[in-house]
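Note that the protein sequences, when read in sequence, are chains A and B.
Numbering follows my numbering, in which position 454 of the first sequence is assigned residue number 454; successive positions increment by one, without gaps.
Numbering follows my numbering, in which position 257 of the second sequence is assigned residue number 257; successive positions increment by one, without gaps.
The set of hints was computed from the structure by calculation and includes no laboratory data.
Warning: the hint list may mix true and false statements.
[Claimed, not checked] Calculated pairs, EDC-like style, for lysine to aspartate or glutamate (alpha carbon to alpha carbon, straight line, at most 16 Å):
1. A:189 <-> A:88
2. B:98 <-> A:88
3. B:47 <-> A:88
4. B:47 <-> A:54
5. A:104 <-> B:83
6. B:489 <-> B:455
7. B:323 <-> B:221
8. A:113 <-> B:88
9. B:180 <-> B:221
Protein chains: 2
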Amino acid sequence: MAKGLTSRKEDYSQWYNELVVKADLAEHSAVRGCMVIKPYGYAIWEKMQRVLDDMFKKTGHVNAYFPLFIPKSYLSKEAAHVEGFAKECAVVTHYRLKTAEDGKSVVVDPDAKLEEELIVRPTSETIIWNTYKNWIQSYRDLPILVNQWANVVRWEMRTRLFLRTAEFLWQEGHTAHATKNEAIEEAEKMLDVYAEFAQNYMAMPVIKGLKTENERFAGAEETYCIEALMQDGKALQAGTSHFLGQNFAKAFDVKFATKEGKQDYVWATSWGVSTRLMGALIMTHSDDNGLVLPPVLAPFQVVIVPIYKGEEQLNAINEVAFKLKEELESKGISVKYDNRDTHKPGWKFAEYELKGVPVRIAIGPRDLENNTIEIARRDTLEKEILHQDNLAVKVEHLLEQIQENLYQKALDFREENIHYADTYEEFKQILEEKGGFIYAHWDGTPETEEKIKEETKATIRCIPLDAKEEEGKCIYTGKPSKRRVIFAKAY
Amino acid sequence: MAKGLTSRKEDYSQWYNELVVKADLAEHSAVRGCMVIKPYGYAIWEKMQRVLDDMFKKTGHVNAYFPLFIPKSYLSKEAAHVEGFAKECAVVTHYRLKTAEDGKSVVVDPDAKLEEELIVRPTSETIIWNTYKNWIQSYRDLPILVNQWANVVRWEMRTRLFLRTAEFLWQEGHTAHATKNEAIEEAEKMLDVYAEFAQNYMAMPVIKGLKTENERFAGAEETYCIEALMQDGKALQAGTSHFLGQNFAKAFDVKFATKEGKQDYVWATSWGVSTRLMGALIMTHSDDNGLVLPPVLAPFQVVIVPIYKGEEQLNAINEVAFKLKEELESKGISVKYDNRDTHKPGWKFAEYELKGVPVRIAIGPRDLENNTIEIARRDTLEKEILHQDNLAVKVEHLLEQIQENLYQKALDFREENIHYADTYEEFKQILEEKGGFIYAHWDGTPETEEKIKEETKATIRCIPLDAKEEEGKCIYTGKPSKRRVIFAKAY
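Please construct the entire structure, taking both the sequences and the accompanying hints into account.
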């Protein structure tokens, strides 16, 4: 167990909070609810961004940038949207400070009050659809397939690093289409992109589904989501893709001339993932020794540590290590060689274990004699002595194995924690004793969902897209149900 | 001349404003002073970001992210800094809205007033140095070489797309060092990075220099800058790198244990370039026909336009065009093949000329017979008929030529617009009649600089780093001077 790191069993929540800080991923800032993403954490986010951005571009999207501020009146243009979003926002009311009477500090200049307050964007549908109004006249202007990488602010009262912060980083796609079907296809396509990213890069299995009306995005006709299961048996919503119907087009009067020469409102989608994915990544794989990272998202995949006494040994090891580093890098593997003399090998071992570096290579004097190295994999903590010959190929293969193993391990965990409940008693017992995803029948009403939530804190995570038709009775009301939905306590 | 585009001679300022909008780069948003960066404009910015980011990483820097908000009291901790920055800022005073009495609109909830107002960052020195305080204990923690890509807000009253907007995008490097010399070296190194980027990627010659005290960054000991000359004879500051001394370390009490075991304040630099570079890029190369882009920053470098009658001809041209596209792409050249049937070739020619695509290839029926294509370069507007054989190599070469030609043309223009003035009369005459960079002697006082600015609107752009020692007399006061500085009217 890493020095000073609370174990998951002891206190899962505490383990997470400590791990984020100790692994140098992020920390709380002096501004309530806002985090500082530290270089090591940001390097992981950058890798995620790069992969996602490439996936968006391959599916025909382009990036743009819209203003940080939204005029207050825009928020109330879409009725459901304002209900869901207008409440906890950062509000800009003034545009100037002036020197205070003490001549040193500054105060808000009361003369510089804005006529209309500006809201720091909590999401950008309103400002973007107000802009699209000028971009769209005819079906020839459609589709618009735009994405934005941005910061957003939602004034959360209880915050946790990455999982829920007042300011966070995200991407938000906003697309405009000529037909309903095309918009639905887009929303589903982007859900698939998110699921593929979660599984193939984050090594995190997800269930694709639809949100119930209660959990739907404010202003959406339908919200698609991917749901992942964390090691404490709680669910985490990892990404959402919304079919917005014509709601925002109607709110901002965005019409287009169809091929047939008629006027119609434009169809819309929006979809996003955020730095919350960092929280999901951390909680999916990490252990009591620290962070565990899937190789494809690790800032560096291999660390080489020399074990030596005196400068002569170090020089000899340096020679081997630099050659090895170059070999690995020529295969596209990212490598850090840590030959700092300010820290001992033991300290370095602990440090890189805590930081989740997938593969550690140690080289000592005996290795020089035997033409060997010691290799350790972070996921299983197994060590092995290997010949230096052809090592790059072996490491390449090992990294692939680790990536697969992490996914398989997470998948096995999830499968073990999928339960079926047919009565409310059973449901509550599973929730209490095991947690996890609970497949149960539900009568389809928001009232029942709300009552179950009040009594158990479990919410419907989604109606799985692959749910099979099955006659049943709602665990709460006994009314008929046609398919099971997934309940869980959630982040 | 592009349809509807004002010529530079007619009204340079109007030409710029129209060009930015017509070339689909950016537009004004509904929020005063904030712009929407459109996909075509953002694609150029993304290319700039990618190149700069790689250059920062090659020089040892890592990215991180700090909060958007700065507590008001932080701004006044560094005395000079508050003078320069605290005035025109977006101020967040409340954190909640509530439904108005009409039941529809929203109003600011007076109960949700912040105890201390938050400022939307105009720059991040204060929040970052407040953070570094916790990161730095010993010389072992130094240097810190961090960069951040972010949005910032400065409440400008008169805004122009890219050149001066209330919100803009930028990068800001913030480094911490154990010694003064190391910090100065860093500030100079990053100035070199900016100059290299401007010259080798933007094809924009720049002069490296030091700002005078008047023009120095608020809180800096020394501000280095790169200055470019626009086609209307006005200067544009394209990037700055500041040696901050120990000012911010003192303001935020950031000390470290030296190797010798003493306590000392940390030395700092900061450096940044912004979406303002987009304005510089546009104004350096573009002409009365529209945008002209250096190939290495163009969203696509080659556009292929088919010229055809009927589907049969199009099919035959498609075959050649797709093959050609693939060949070009295999050489790393980005290509758009525009075979839309909704627009005529003439329209497409004008469109891509306006958008500054470096190379246009047209393929018509006669080209099919003769195994040729027509190639046109945007910089010189020259056309040529070329054989299809080995075309990719020729295009690759042509793109390099265009890149070089644009730089040479801009350099020639700048050299022609460098003037020397030895009297104030001469100075004013050159400024009135020719504009450009005026090398003149100055007595070194802020007062003289201020007076010249008041009387002529010209400012000292920089004291060039390569200025040679030369005895002279200040053009304004006649007092002795040791070297010439560069005056110009500026953006």
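To see whether the hints hold, each was checked on the structure:
1. Using a Cα cut-off of 16 Å, the hinted pair residue 189 of chain A and residue 88 of chain A is violated, with the two alpha carbons roughly 31 Å apart.
2. The suggested pairing of residue 98 of chain B with residue 88 of chain A holds, with an alpha-carbon distance near 9 Å, which does not exceed 16 Å.
3. For the proposed pair residue 47 of chain B and residue 88 of chain A, the alpha carbon gap of about 36 Å is over 16 Å, so the pair is violated.
4. Under the criterion of a C-alpha separation no larger than 16 Å, the hint pairing residue 47 of chain B with residue 54 of chain A is consistent with the structure, at around 14 Å.
5. About 10 Å separates the Cα atoms of residue 104 of chain A and residue 83 of chain B, which keeps this hinted pair within 16 Å; it holds.
6. For the suggested pair residue 489 of chain B and residue 455 of chain B, the alpha carbons sit about 12 Å apart, so the restraint of at most 16 Å is met.
7. Simply put, residue 323 of chain B and residue 221 of chain B have alpha-carbon atoms about 58 Å apart, too far for the 16 Å limit, and the pair is violated.
8. Distance hint between residue 113 of chain A and residue 88 of chain B is fulfilled; the C-alpha atoms sit about 12 Å from each other, no more than 16 Å.
9. At most 16 Å may separate the alpha-carbon atoms for a hinted pair to count; residue 180 of chain B and residue 221 of chain B meet this at roughly 11 Å.
In this structure, the hints that do not hold are numbers 1, 3, 7, in rising order.
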